[in-house]
Amino acid sequence: MLNLFLLQTLNGVQFGIMLFLVAAGLTLIFGVMDLINLSHGVLYMVGAYFAATFVALTGSFVLGLLLALPAALLLGVVLELAVFRRLYDRDHLDQVLATFGLILILNESVKVIWGAAPLSVPVPAALSGSVELFGNFRYPLYRVVIIAAGLATAAGLYVLVNFTRVGMLLRAGASNAPMVSALGVDIRRLFTLVFGLGAMLAGLAGALVAPILSVEPGMGDSVLILTFVVIVIGGVGSVRGAFIAAILVGVVDTVGRVFGPIWLRAVLDPAAASQTGRTLAPMLIYVLMAMVLFFRPRGLFPVRGAGAAASSNVAPSHIAERGAPSRGAGFAALAIFALLASLPLLSAMTGNAFMLVIATRIMIFALAALSLDLILGYGALVSFGHAAFVGIGAYAVAILNAYGVGDLLVQAVVAVAAAALFALVTGAISLRTRGVYFIMITLAFGQMLYFLMVSLSAFGGDDGYTLRSRSTVFGLPLLEDGTVLFYVVLGVLAAAFVLARTLVASRFGRVLRGTRDNAVRMRAIGFSPLPYQLTAYVVAGCLAALAGVLLANQVEFVSPAYMSWQRSGELIVMVVLGGMGTLVGPIAGAAVFIMLEEWLAAFSQHWKLGFGLILLLIVLASKDGVGGLVKRLFTPFRAGAAHG
Amino acid sequence: MLRIEGLENAYGDQRVLFGVDFDVGAGEVVTLLGRNGMGKTTTVKSIFGLLPPKAGRVLIDGENVAGRAPFEIARRGLGLVPEGRHVFPTLTVEENLVATRRIPRDGAPRWTLEAVYGLFPRLRERRRNAGSQLSGGEQQMLAIGRALMTNPRLVVLDEATEGLAPLIREEIWACLAAIRNAGEAILVIDKNIEALTRFADRHVVIEKGRVVWSGSSDELRRTPDIKERFLHV
Numbered sequence: 003m004l005n006l007f008l009l010q011t012l013n014g015v016q017f018g019i020m021l022f023l024v025a026a027g028l029t030l031i032f033g034v035m036d037l038i039n040l041s042h043g044v045l046y047m048v049g050a051y052f053a054a055t056f057v058a059l060t061g062s063f064v065l066g067l068l069l070a071l072p073a074a075l076l077l078g079v080v081l082e083l084a085v086f087r088r089l090y091d092r093d094h095l096d097q098v099l100a101t102f103g104l105i106l107i108l109n110e111s112v113k114v115i116w117g118a119a120p121l122s123v124p125v126p127a128a129l130s131g132s133v134e135l136f137g138n139f140r141y142p143l144y145r146v147v148i149i150a151a152g153l154a155t156a157a158g159l160y161v162l163v164n165f166t167r168v169g170m171l172l173r174a175g176a177s178n179a180p181m182v183s184a185l186g187v188d189i190r191r192l193f194t195l196v197f198g199l200g201a202m203l204a205g206l207a208g209a210l211v212a213p214i215l216s217v218e219p220g221m222g223d224s225v226l227i228l229t230f231v232v233i234v235i236g237g238v239g240s241v242r243g244a245f246i247a248a249i250l251v252g253v254v255d256t257v258g259r260v261f262g263p264i265w266l267r268a269v270l271d272p273a274a275a276s277q278t279g280r281t282l283a284p285m286l287i288y289v290l291m292a293m294v295l296f297f298r299p300r301g302l303f304p305v306r307g308a309g310a311a312a313s314s315n316v317a318p319s320h321i322a323e324r325g326a327p328s329r330g331a332g333f334a335a336l337a338i339f340a341l342l343a344s345l346p347l348l349s350a351m352t353g354n355a356f357m358l359v360i361a362t363r364i365m366i367f368a369l370a371a372l373s374l375d376l377i378l379g380y381g382a383l384v385s386f387g388h389a390a391f392v393g394i395g396a397y398a399v400a401i402l403n404a405y406g407v408g409d410l411l412v413q414a415v416v417a418v419a420a421a422a423l424f425a426l427v428t429g430a431i432s433l434r435t436r437g438v439y440f441i442m443i444t445l446a447f448g449q450m451l452y453f454l455m456v457s458l459s460a461f462g463g464d465d466g467y468t469l470r471s472r473s474t475v476f477g478l479p480l481l482e483d484g485t486v487l488f489y490v491v492l493g494v495l496a497a498a499f500v501l502a503r504t505l506v507a508s509r510f511g512r513v514l515r516g517t518r519d520n521a522v523r524m525r526a527i528g529f530s531p532l533p534y535q536l537t538a539y540v541v542a543g544c545l546a547a548l549a550g551v552l553l554a555n556q557v558e559f560v561s562p563a564y565m566s567w568q569r570s571g572e573l574i575v576m577v578v579l580g581g582m583g584t585l586v587g588p589i590a591g592a593a594v595f596i597m598l599e600e601w602l603a604a605f606s607q608h609w610k611l612g613f614g615l616i617l618l619l620i621v622l623a624s625k626d627g628v629g630g631l632v633k634r635l636f637t638p639f640r641a642g643a644a645h646g
Numbered sequence: 095m096l097r098i099e100g101l102e103n104a105y106g107d108q109r110v111l112f113g114v115d116f117d118v119g120a121g122e123v124v125t126l127l128g129r130n131g132m133g134k135t136t137t138v139k140s141i142f143g144l145l146p147p148k149a150g151r152v153l154i155d156g157e158n159v160a161g162r163a164p165f166e167i168a169r170r171g172l173g174l175v176p177e178g179r180h181v182f183p184t185l186t187v188e189e190n191l192v193a194t195r196r197i198p199r200d201g202a203p204r205w206t207l208e209a210v211y212g213l214f215p216r217l218r219e220r221r222r223n224a225g226s227q228l229s230g231g232e233q234q235m236l237a238i239g240r241a242l243m244t245n246p247r248l249v250v251l252d253e254a255t256e257g258l259a260p261l262i263r264e265e266i267w268a269c270l271a272a273i274r275n276a277g278e279a280i281l282v283i284d285k286n287i288e289a290l291t292r293f294a295d296r297h298v299v300i301e302k303g304r305v306v307w308s309g310s311s312d313e314l315r316r317t318p319d320i321k322e323r324f325l326h327v
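Going down the list, the sequences are from chains A and B.
Our numbering runs 2 ahead of the 1-based position in the first sequence.
Our numbering runs 94 ahead of the 1-based position in the second sequence.
Hints listed in this document are in silico derivations from the structure and should not be mistaken for laboratory results.
Think of the CB as a built atom: it goes at the ideal place given N, C-alpha and C, for glycine as much as any other residue.
Label pairs and their computed distance ranges (CB to CB):
| id | chain 1 | residue 1 | chain 2 | residue 2 | range |
| --- | --- | --- | --- | --- | --- |
| 1 | A | Gly-528 | B | Lys-285 | 31 to 37 Å |
| 2 | A | Gly-220 | B | Asp-200 | 52 to 58 Å |
| 3 | B | Asp-155 | A | Phe-296 | 52 to 58 Å |
The shape of chain A in the complex, shown without the other chains (with noise of 0.2 Å):
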């Protein structure tokens, strides 16, 4: 028992040694350039491909890695000069948009390069068997490598960081870039340095565990979302908070899964004990996120000033439109509904089925983007797992279906009842705080119920569930029909619209655009903001939720996938594409951004690779932000329908 207890807690240490690796670059991104880089991750990955090319081509695990290593360098260079540059001046959200956009873009070109299949890479000779520790105590020679060479680059970080020039000046660039700046140090040069180091400390955590892990495509993924984890327990900057917190959050994981189920068998039978171990282990790093950015909002070691992290999220550039909604809009969506409602009748003369498929799917989607947007447009709020909601609507549907209550109407309440209670308990606590830490917040969030769906066995776990029947309304399976089911989707929409519609013009959502221009002056004249968002984040739960309910009725299926922080990625773009703060754009999103995919994904199975192009070249290319470039584009039509 002691063994086993000291084996774990080594690959946990093992294991947050990687999370530190990759998660001291991006913190130093962060807390120095004030970059949210989501890519970050993919870096990781990529050193592990390199690591697999090179060792292959070398035949030497030591020569591969010395070759991997400058290669990941100049990768994290190139990105750096070529896109990152272009993101500094930029808001968060347009950060986070772009570096979506390029996670897409590295995910799809490593599938292209090396094909989707898994790699390996051998262990090397010299480095296999296992070594005995202490007493009896034995542990597999290749990861006391990686704990020792993890530790030495620790301890090179530290040197580098407290005790050089350049340590200072990272120091300094991390706390006020700008002074810096005035004082004649070239803050661009550092800021290349700082990329090209944080690159390729993260291929070098990638190579490492290249042999004991597999070399897989979104293999950073899941890694990107523990640093995320990881860095904002430290503190946002901070390398020794990075470096704590990735020994904290490896060993709660690891020990966590392993004796989870063991200890909680003091409690419970054992069967339920490791049921119930099994789902609470991979939430219990998010719970321990959650509870840090609860007592202390800006984590461990925060760096910065409390004026510079208080920065908002959203520049007004964002909002396409600022005041309550205008009528133009309200004549847009009007015609939309129309067209929208025209559409059975349209695909019956036709002939094409599909049509209403797509459609369906369009409004599902427009109805959750619609739900973000009055958080996201009207409060400023950028929540990052939102597709959290649109889970348990979905699974709300595929539970009580498996239990035998498939009546639509009570799913659908239950699902807004759990959404709003979740929203409730999970808004209450992000709200504390702003910035950057409420998009990381939301998103661990997100993930932590991502897992719990994974764990539940019962409902296929990762593989998903097939849900037996659509749901009945009032005993009658109507929605076996396809025009009924559009139908219903569009009567939803339609109300979810009127609804937010209404909201956002009464004196609520003026308090909540308030908050969003200048929450300091919403206090100032005795509004607490609080009250407001978290009533927002509740509503926009629930109608999330009402989306998913509708979403498995459709393809009668539900997956961990629907809550997946790509998701909610992916909502956001279909608000900022289609124009924030407006109700009308996300609607015109969703449907650009789905007729995109089934568009691009006809042409060839790599579709995310032209989709993540496209969307990193509209933010490149829009100065003053997507927000203002959907703006412009609009603009004629918009005056027009002012005047109209």
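Following the hints, position chain B against chain A.
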């Protein structure tokens, strides 16, 4: 060495500077005077490229640097002591001084760690303390020392003694006099007219984003209505 011509700037749609002109010669001490919100700090930010000018020229030794990156401007010999001091909170006092130190290309530095500690003995006592642990006066000394360590030819002080205790103020003024006597040019913003007229060669009064008066300390003393019209609250 520094010449400002027709400088205009704005925060978004809000225009703040409407054509500011003045200059500072080598070794000269010039003040920027004016009430709050008249554009003094914006002028400083514009000079340093922290808020790139919308129009006008910023000439250093005859070369226009308007629109360049802040570090390029600073490297031409300007040292900034910003409003609010902005010492680096997670660096020690000594690191604050050393991190951005610059040694001029033409020979030995005038300002070394020893020279700065000689000017501000308090900083030597506190050299192992983090920037965040200093008092306001010590932070101001550190910000001045940090600017001197870049060996500038012109030190720009935005609010030299704002919010400091009277005794500390006197100490700062004494140190600034020492810096002037060492041959540095100084551009200083402060509210303490008495100290400034004793200390500076020339004065530039800014009102609503324009220069409305400039002249020597003697001329300022001889025209008391300048103070009445543009400086008194």
